[in-house]
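Q: In case you want the letters, here they are:
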Amino acid sequence: MGGAFSVADILATLYFGGVLRYDPQKPDWEDRDKFILSKGHSCYALYAVLARAGFFSEKELRYAGKPGSSLGGHPKLREIPGVEASTGALGHGLSFAIGIACADKIDGRDSHVYVVLGDGECQEGSVWEGALSAPTLGLDNLTAVVDHNKLQAMDALENIVHMKPFAEKWRAFGWNVMEIDGHDHAQIREALLARADGRPAVVIANTVKGKGVSFMENKPIWHFRMPNDKELPMLMEELGLTEAELA
Amino acid sequence: MRTAYLKALHELAAMDKNVYALISDNGAIVYDQYRADFPKQYLNLGISEANMLGMAAGMASRGKIPFAYTIGAFLAYRAFEFIRDDICLQNQNVKIVGTGAGEVYSGLGPTHHATEDLGGLRSLPNLTVLCPASPKEVYAATYAAYHHKGPVYLRLGTNREPEIYEGECKFEVGEGVELKSGGDAAIFSTGSILKDVLDAADSLEKEGISARVINIHTLKPLDGDIILKAIHETGHIVTVEDHNIIGGLGSAVAEVIAESGMWVKFRRVGLRDFSHGYGTYAQVKEGNGVGRKQIEEVVREVASR
Chain B
1 MGGAFSVADI LATLYFGGVL RYDPQKPDWE DRDKFILSKG HSCYALYAVL ARAGFFSEKE
61 LRYAGKPGSS LGGHPKLREI PGVEASTGAL GHGLSFAIGI ACADKIDGRD SHVYVVLGDG
121 ECQEGSVWEG ALSAPTLGLD NLTAVVDHNK LQAMDALENI VHMKPFAEKW RAFGWNVMEI
181 DGHDHAQIRE ALLARADGRP AVVIANTVKG KGVSFMENKP IWHFRMPNDK ELPMLMEELG
241 LTEAELA
Chain E
1 MRTAYLKALH ELAAMDKNVY ALISDNGAIV YDQYRADFPK QYLNLGISEA NMLGMAAGMA
61 SRGKIPFAYT IGAFLAYRAF EFIRDDICLQ NQNVKIVGTG AGEVYSGLGP THHATEDLGG
121 LRSLPNLTVL CPASPKEVYA ATYAAYHHKG PVYLRLGTNR EPEIYEGECK FEVGEGVELK
181 SGGDAAIFST GSILKDVLDA ADSLEKEGIS ARVINIHTLK PLDGDIILKA IHETGHIVTV
241 EDHNIIGGLG SAVAEVIAES GMWVKFRRVG LRDFSHGYGT YAQVKEGNGV GRKQIEEVVR
301 EVASR
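First to last, the protein sequences are chains B and E.
So the first sequence is numbered by the working numbering: it starts at 1 and just counts up by one.
So the second sequence is numbered by the working numbering: it starts at 1 and just counts up by one.
No lab work stands behind these hints, which were simulated from the structure alone.
Even glycine gets a Cβ: it sits at the ideal position worked out from N, Cα and C.
Treat each hint with caution, since some may be false.
Stated by the list, open to error - Within a straight-line C-alpha distance of at most 20 Å, the following computed EDC-like cross-link-like pairs (lysine to aspartate or glutamate) qualify:
1. Lys-293(E) with Asp-225(E)
2. Lys-17(E) with Asp-107(B)
3. Lys-105(B) with Asp-199(E)
4. Lys-76(B) with Asp-199(E)
5. Lys-40(E) with Asp-23(B)
6. Lys-40(E) with Glu-243(B)
7. Lys-17(E) with Glu-30(B)
8. Lys-76(B) with Asp-85(E)
9. Lys-40(E) with Asp-28(B)
10. Lys-149(E) with Asp-110(B)
Unchecked claim - What follows is a list of derived Cβ distance ranges for each label pair:
11. Glu-79(B) with Ala-254(E): 52 to 60 Å
12. Glu-168(E) with Gly-198(B): 16 to 24 Å
13. Gly-279(E) with Gly-68(B): 55 to 63 Å
14. Gly-18(B) with Lys-170(E): 42 to 50 Å
15. Lys-40(E) with Pro-233(B): 42 to 50 Å
16. Lys-149(E) with Trp-29(B): 21 to 29 Å
17. Lys-229(E) with Glu-60(B): 46 to 54 Å
18. Glu-79(B) with Asp-37(E): 51 to 59 Å
Said to hold, decoys possible - Rough simulated footprint, nothing fancy, chain E against chain B, three-plus residues with beta-carbon under 8 Å:
19. 83-91
20. 128-134
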């Protein structure tokens, strides 16, 4: 749950800030931009955004995670309109996105590929195989965003694996690196639309895990937890949500 | 086998611009002509098998038909999760081409031997598993992989396999091929070791043991009918593979036998450990219990029971 809240502003800006080109009526539109949520465990934020964007009815969100619903604990290709790749196991989405960017470049398509990774996910070796290959391939039609909330499942990143200096690592691999406040819509939009000739871009979005809910913010346990009956009204009050809006 | 594969790939690339060769820095010499003729349908991604297969899935999602090639051990073991999650789970039209099947890289040792690949990959949903036995069959299997819409694992040996087909090789995915008739026993085999099986069957014929030889070039989907027919007609079954005794052809045939309800004399020839020792392919096979003489002994024993 916490990871969905840290990435929410990024996804909202991508879909509603005039960044991603898509047509919910034609999810297979050839010249669409593509988005992959490599940190698939934050799928509930993606489902909310896809529903609001019109890929499917917002009513379906009520059944997420229940038998019969296609909206499960990780996103699945072909079962959910607007999902470009099944993700869940970490360290896969970047390579998949590189493959799409590569194919679109071969076809001379003017479309862009976005992929969101978790910062903990960047402990996977395959992320760095992808990080080496995208600049080599000159994929300037690719933007990776790292949801840098500095927490992973059990603790702070820095208490588990040292990732610093994080931006310098990407820079050294040849990426166009931008560091932003991942909850500031103007900064997010500007970074997502930035292009550098011949180089892929990476946006290191500094975020807060559990953003917007005081008792969730920066608490590792909310990587796993869902609010219980007592916590849900508190959460709704802090986010200014009403029962009617959720119905 | 590699030359036959590259010949087919070259023709396919000329015919269909969506055919795309990905390699993981393993294709010196054999890829030279292809690289020269199709620079826009070729990428060497360096030594990064996981990234190559994840990328291949992404490219396939955009209509490309990637043929991702390197040593089979590196694909099947290192990149297994990428085969499973990105290619099979999403049913992407990727052709995974592994060379050096079994112990054919006999001098390189077990890190370079694909001797458990079939066991792992045979269990993956959506994946078709092809294991051709000769250059002509590799050529035909490469075309079959292209025409099949969906993930394929194409398991190749090296470049030293002799031809086993005198005439044309007809290749139908999922259909076993009877290479030699016989009624005393039926030997099922697959891949580069099939030539040893044919030679063993010829020797046994001179002793008066008539062994049928069946080529199972498709491990999945498995031709259950040809196995049931052999059970009915001979009742004596042997499997021979250059692969671990667990999980490969022998296990696949055993599954059919076990569910058939028939009483069958059955033995498997395969590796019982990591391969050990170095030398020629024939020497290494013999040192690991899958040599030609050892095949003969097992068939002799089963046929006489």
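Q: Compare the structure with each hint and give your call.
A: Checked hints:
no., hint, in the structure
1, Lys-293(E) with Asp-225(E), "29 Å, violated"
2, Lys-17(E) with Asp-107(B), "10 Å, holds"
3, Lys-105(B) with Asp-199(E), "51 Å, violated"
4, Lys-76(B) with Asp-199(E), "50 Å, violated"
5, Lys-40(E) with Asp-23(B), "31 Å, violated"
6, Lys-40(E) with Glu-243(B), "56 Å, violated"
7, Lys-17(E) with Glu-30(B), "18 Å, holds"
8, Lys-76(B) with Asp-85(E), "11 Å, holds"
9, Lys-40(E) with Asp-28(B), "25 Å, violated"
10, Lys-149(E) with Asp-110(B), "27 Å, violated"
11, Glu-79(B) with Ala-254(E): 52 to 60 Å, "35 Å, violated"
12, Glu-168(E) with Gly-198(B): 16 to 24 Å, "49 Å, violated"
13, Gly-279(E) with Gly-68(B): 55 to 63 Å, "59 Å, holds"
14, Gly-18(B) with Lys-170(E): 42 to 50 Å, "57 Å, violated"
15, Lys-40(E) with Pro-233(B): 42 to 50 Å, "59 Å, violated"
16, Lys-149(E) with Trp-29(B): 21 to 29 Å, "22 Å, holds"
17, Lys-229(E) with Glu-60(B): 46 to 54 Å, "50 Å, holds"
18, Glu-79(B) with Asp-37(E): 51 to 59 Å, "40 Å, violated"
19, 83-91, "holds (count 6)"
20, 128-134, "holds (count 4)"
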